[in-house]
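Visitor: Each chain, letter by letter, is given below.
6 protein chains.
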Amino acid sequence: MRIAYVVPGPMSKGPMGLREMRRREGLLNAWAFPGTTVSVVDVPTGPVSIESAYEEALCVPATIDLIMKCERDGFDAAIIGCFGDPGLEAARELATIPVVGPCESSLLLAAGLGHKFSVLTVFDSLIAGQELLAVKAGVHAKLASVRATGIPVLDLMKDPAFTKRRLIEVADACVRQDRADAFLFGCMTMSFLDLGDEVAAAVGAPAVNAGKAALKHAEMLVSMGLSHSKKAFPLPAKMQAGQPFEALRVA
Amino acid sequence: MRIAYVVPGPMSKGPMGLREMRRREGLLNAWAFPGTTVSVVDVPTGPVSIESAYEEALCVPATIDLIMKCERDGFDAAIIGCFGDPGLEAARELATIPVVGPCESSLLLAAGLGHKFSVLTVFDSLIAGQELLAVKAGVHAKLASVRATGIPVLDLMKDPAFTKRRLIEVADACVRQDRADAFLFGCMTMSFLDLGDEVAAAVGAPAVNAGKAALKHAEMLVSMGLSHSKKAFPLPAKMQAGQPFEALRVA
Amino acid sequence: MRIAYVVPGPMSKGPMGLREMRRREGLLNAWAFPGTTVSVVDVPTGPVSIESAYEEALCVPATIDLIMKCERDGFDAAIIGCFGDPGLEAARELATIPVVGPCESSLLLAAGLGHKFSVLTVFDSLIAGQELLAVKAGVHAKLASVRATGIPVLDLMKDPAFTKRRLIEVADACVRQDRADAFLFGCMTMSFLDLGDEVAAAVGAPAVNAGKAALKHAEMLVSMGLSHSKKAFPLPAKMQAGQPFEALRVA
Amino acid sequence: MRIAYVVPGPMSKGPMGLREMRRREGLLNAWAFPGTTVSVVDVPTGPVSIESAYEEALCVPATIDLIMKCERDGFDAAIIGCFGDPGLEAARELATIPVVGPCESSLLLAAGLGHKFSVLTVFDSLIAGQELLAVKAGVHAKLASVRATGIPVLDLMKDPAFTKRRLIEVADACVRQDRADAFLFGCMTMSFLDLGDEVAAAVGAPAVNAGKAALKHAEMLVSMGLSHSKKAFPLPAKMQAGQPFEALRVA
Amino acid sequence: MRIAYVVPGPMSKGPMGLREMRRREGLLNAWAFPGTTVSVVDVPTGPVSIESAYEEALCVPATIDLIMKCERDGFDAAIIGCFGDPGLEAARELATIPVVGPCESSLLLAAGLGHKFSVLTVFDSLIAGQELLAVKAGVHAKLASVRATGIPVLDLMKDPAFTKRRLIEVADACVRQDRADAFLFGCMTMSFLDLGDEVAAAVGAPAVNAGKAALKHAEMLVSMGLSHSKKAFPLPAKMQAGQPFEALRVA
Amino acid sequence: MRIAYVVPGPMSKGPMGLREMRRREGLLNAWAFPGTTVSVVDVPTGPVSIESAYEEALCVPATIDLIMKCERDGFDAAIIGCFGDPGLEAARELATIPVVGPCESSLLLAAGLGHKFSVLTVFDSLIAGQELLAVKAGVHAKLASVRATGIPVLDLMKDPAFTKRRLIEVADACVRQDRADAFLFGCMTMSFLDLGDEVAAAVGAPAVNAGKAALKHAEMLVSMGLSHSKKAFPLPAKMQAGQPFEALRVA
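Residue numbers (my numbering), protein chains in the order written: chain V, 10 to 260; chain R, 10 to 260; chain Z, 10 to 260; chain E, 10 to 260; chain H, 10 to 260; chain P, 10 to 260.
Any given hint might turn out to be false.
Copies of the same chain look alike in the list, so a pair counts if it fits in one copy or across any two.
To be verified - When the alpha-carbon atoms are kept at most 30 Å apart in a straight line, the in silico DSSO-like pairs for lysine-lysine are as follows: (1) K239 with K173; (2) K167 with K78; (3) K78 with K22.
Derived by calculation from the structure, the hints in this document are not laboratory data.
As the structure is a computational prediction, the values presented were derived from the model and not from experiment.
Looking at chain V on its own, in the form it has when it is part of the complex (with noise of 0.2 Å):
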């Protein structure tokens, strides 16, 4: 199967490069099952990194064009590559492919792993939209805690060994005080560093990387022939009506 990981900004023209892309594609590709294969894509314009509900809004136009353009072009499902899953409902409307944001399959599968669970998150600012994502996966009844690193996305990868250090200081409050028993890196470039093995084994309690989560649960659905229900997520009331896709929006 083909899988797209659509990057909601346009990561290949800032800081991080096509380098970063390149490098996250070929972790993808590890990762994923015999027969799988990985396609890193970003969008032409928009935020440098997403850590605010404008950033996000920002993002969701184009990420929805490029979800589109990937189903047409053949992928079998397609992945939003930001840990706040931006314009995952309004993809779903217009996809029939499955589409999946990182944040809703890491919840979902940290449900599976205990009792309660922690998110990893960069600002504070992001710990009641991250709440809010637990209500929309269903799963808020499990969240134990959110607790930010304070580190700025662009600056995770700059001291890698702070990084970790902090990544563990912060886990191990989530697993002592928070009752947590297992915890999510809430971040994709956090997830990217694939360091779940090392925090996991600092603090006692299994670590889910969101790129590893989102690219098995986009696998499990294409193998099991399954994507999103159209019940929940149909395509726009115009669109039902025999309008074209254009007439949606006046230029």
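Assemble chains R, Z, E, H and P onto chain V, guided by the hints.
Guide: Relative to chain V, chains R, Z, E, H and P alone:
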């Protein structure tokens, strides 16, 4: 005080046109407390009407730009003129003047009218989204039901007598079958038909006009010297760190 | 419009006296929209102050009598002047004009300011009751915490500087430890100290003055032509069956 | 042990009269464990029957006075003789002997009989109040439904055969449509008709008699040496500070 | 009435032995209402003590066999003698006499003592299971906390003074830090130490002895002529269809 | 990877027999990702089929023994082959390889397909148990309904055309009346009929096959190097203290 009512679609270029915008502006000014002036403005491009998650996502970037312009132009508060409250969190991150959404305003008002209330929406496909908005507003515990009229937004004004009969029929089901004590018009076009008193009288329960509710919410906040909490909706981190607004985006 | 602020204890005969009633009347009129007049009235007998379930129960019969008199006297709305909202349901059964309670009004207002809010109350023994009021208002999901200052109602005005320091200290704990985005003064005497702006500035989160919130709630309802739902608060069954009000009671 | 059953209205002066009070006393004593004596007493003035929030509020001050007298007279426990549990918290603040309310007692008993239970109440207007009592008791999660018979309290004994048929009809709807495993008689007059076994047999699910449930609850607490927690229901603060009971009130 | 207290492990063959079984029988008979006789019986094989989900699962088949024998032997009710209530649903499917579990009995009793309560358990690893039992009992909304003493079941009686100090320490944390109004001994051996009055006095909040609570629950049900609902706990379908009990199992 | 599918009853000795076990093994291997081998094994004694809490309790000890043997035999993961997930927590305490239950696996998968889902179960008497399993999985908030087909497990394969019609009828009620966006086959025999695509097509919503879901869940965990958290499911305390497994039990 001066309040901007920001239509998140290019209404003046669409089928309803400038005339309908001016009619709504007239109603809002008639509903206002003495001393309040309301201006209705719309965005230059975007969805014809908003009846899906995709159309909602599509409108947000331009809507936020316009709200920021309203703040610079000296308005005391802004109302997002769509019942889905598109971009509410994002706008609150960037604005310091109160920004209100008709859905949140109506839900909080209705919560004070009785034990339970219902929302009249446009399509069945919008029910889950409305339920999530009740979770976001914090009043999900009082939501008796969301029921759809099935009349597309752009058709609501075509046959007002039919629309009124259908609103009464659906509101009556909310009161009779779902034990709602009050109900909301969950769509701005539905609200600006100004049929609340007639529908309320027919079913024997108060009706909340979302346009009035948003206006009163904005007036209340301005008159109390309050705005949304910057603990909840802080400026994006990059701007807190000194970068200009423009730096959030890669063109 | 004319609004009655009904004090559910004999304040004019108590330690605060008529002077404090007139001071509060002055503040309410200063806070009102143009065209609103507020009269502060009190009951002839009842509790000195309300700091327990017993004192709250004690005040209700006389308070309802006075609210009914206000309706007969042509007031457009009534505010129950105690943060416990004593007798709110009972008064709404008997009155057709809007009757608002400062707790419900403040909770619904605060719910629109951020993701979570806290209530500052008087004693630890009132916390459970405040939580139940949040359930009744439908916004329990947004209640970050209820914290007590420990200062008896009748002592709040004795040393305003001490009271202010204590309010800041407790509000700060709500914001810092409980992640409240906003907070309420959960006591009318606390609210009429009019320290909201100072406390808000000190802790960096908006403060809701319960007196102002109740007033704005009443003004909003009257200006919208709304009142509480008679589906939720019907006239007592005996009166619906034709018996006079007096027949409800055996002397 | 000696238990006082305190009727919160002047039953001896009303249509049911002293004879009905003595009949209920006889039933309670017949239901009691060996060694228990129950006395039924009523307040001198108050509501004829309690079918609204107003009538409930009206009865509380005199009821609490009578409960305090019962404690001084040496009773080991008191039952508030109305299914709305009027004044329960206030009475517990002032009394040290156990004070139980039939609603709370019945709800906690029913919670142990199956997964879900329903309450049979008098009027539709009482449903929301009953739901709140389930929240207060902590067992709202097990409440399948509240359904009304529509028979006024004072008419329940007029045509017992009709009442029985109606109780069976409503209980059957609870079991068949709402999936209740058990049901409560949510009214003392309904309970003292002593029709539980017949109605239970007719619908195939256990019926909880609120009078029996309150009695057993009181006997259980006394025999275990337990009473309500003074952490939850402390003496009013003024009395803790040394003021006499009389000082709480301004005449 | 005759009540069987069924120990779900072979206590008479274990370290506590027959002497401890007889001591517990003595306490139960001393706690009972006049006219009640309690017999303590144990299963022939099974876990030494129950401190994990595995040990709990291990005990159930033999425990149910013994409860069924007690019903055939004419007992009026059965108590499952372990705070995890192992096999409660299964036993209720097969028995018509009331079967009670000390955890459910204690939770429902504690729910009537105040706003919130806590459970004292043995190990941290049992906290999630106790929370689920509160969900099953329907009173999760009143659960302030579950805290562990860390003393293994078989060590609780070794140094009673140490155990008492530890119980006071943990109960105090529940009351002080978690705002519990009452607390339960969440283990039968803990309960049969009969230290409730001393621990309650030390922390100023009522203590619920799970053995007493289960006994009173059973006595209450028998005296009211009630048992668990067969709507909730029906006979296994194969037996309803006429097959004998033995046919459920392939040897 | 090698996965054991552990049937918690002696299927090879029962009416379905070894032939059905081999048929299921064939399906599982056909559904698996390349590189996965599935072996279907059953316990020597236990229930004929599992349709009650009693039959579920009966199967657990032998099932756990077999799972432990599978771990010793080098399997990479184990699936408990009953939709009630009997013994899931207990098995996870003792095993270090991933142990999954089809109910938990299906619920978490379905939660990602839409806003709400329903479970098709066997009998009405299993509804409450299924709801509790949704609580345990953490996704109760997304459970639209549980509906029973009323066909005993052992009859499901007798008339596949009738079974299919009944499945479509019940699934349709879930989608139409309960607003489910997707539905699960809440029984392994129902799932191994492999009718998912036909039923899904008939009702227009995705169907989750519990056997496929459990298999994919197991494959996902193994391929990610994850297993259930030992914080949530620790080894029994006696074994942590050094005692052998055999010491947990008195023969």
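Visitor: Are the hints correct? Go through all of them and say.
Guide: Hints and how they fare:
Only between protomers do K239 and K173 lie at most 30 Å apart by alpha-carbon distance; the minimum there is 22 Å, versus 41 Å within a single protomer. In this assembly of identical chains, the alpha carbons of K167 and K78 never lie at most 30 Å apart, being 33 Å within a copy and 37 Å across copies at closest. In the homo-oligomer, the alpha carbons of K78 and K22 lie at most 30 Å apart both inside one protomer (20 Å) and across protomers (29 Å), since each shortest distance falls under that limit.
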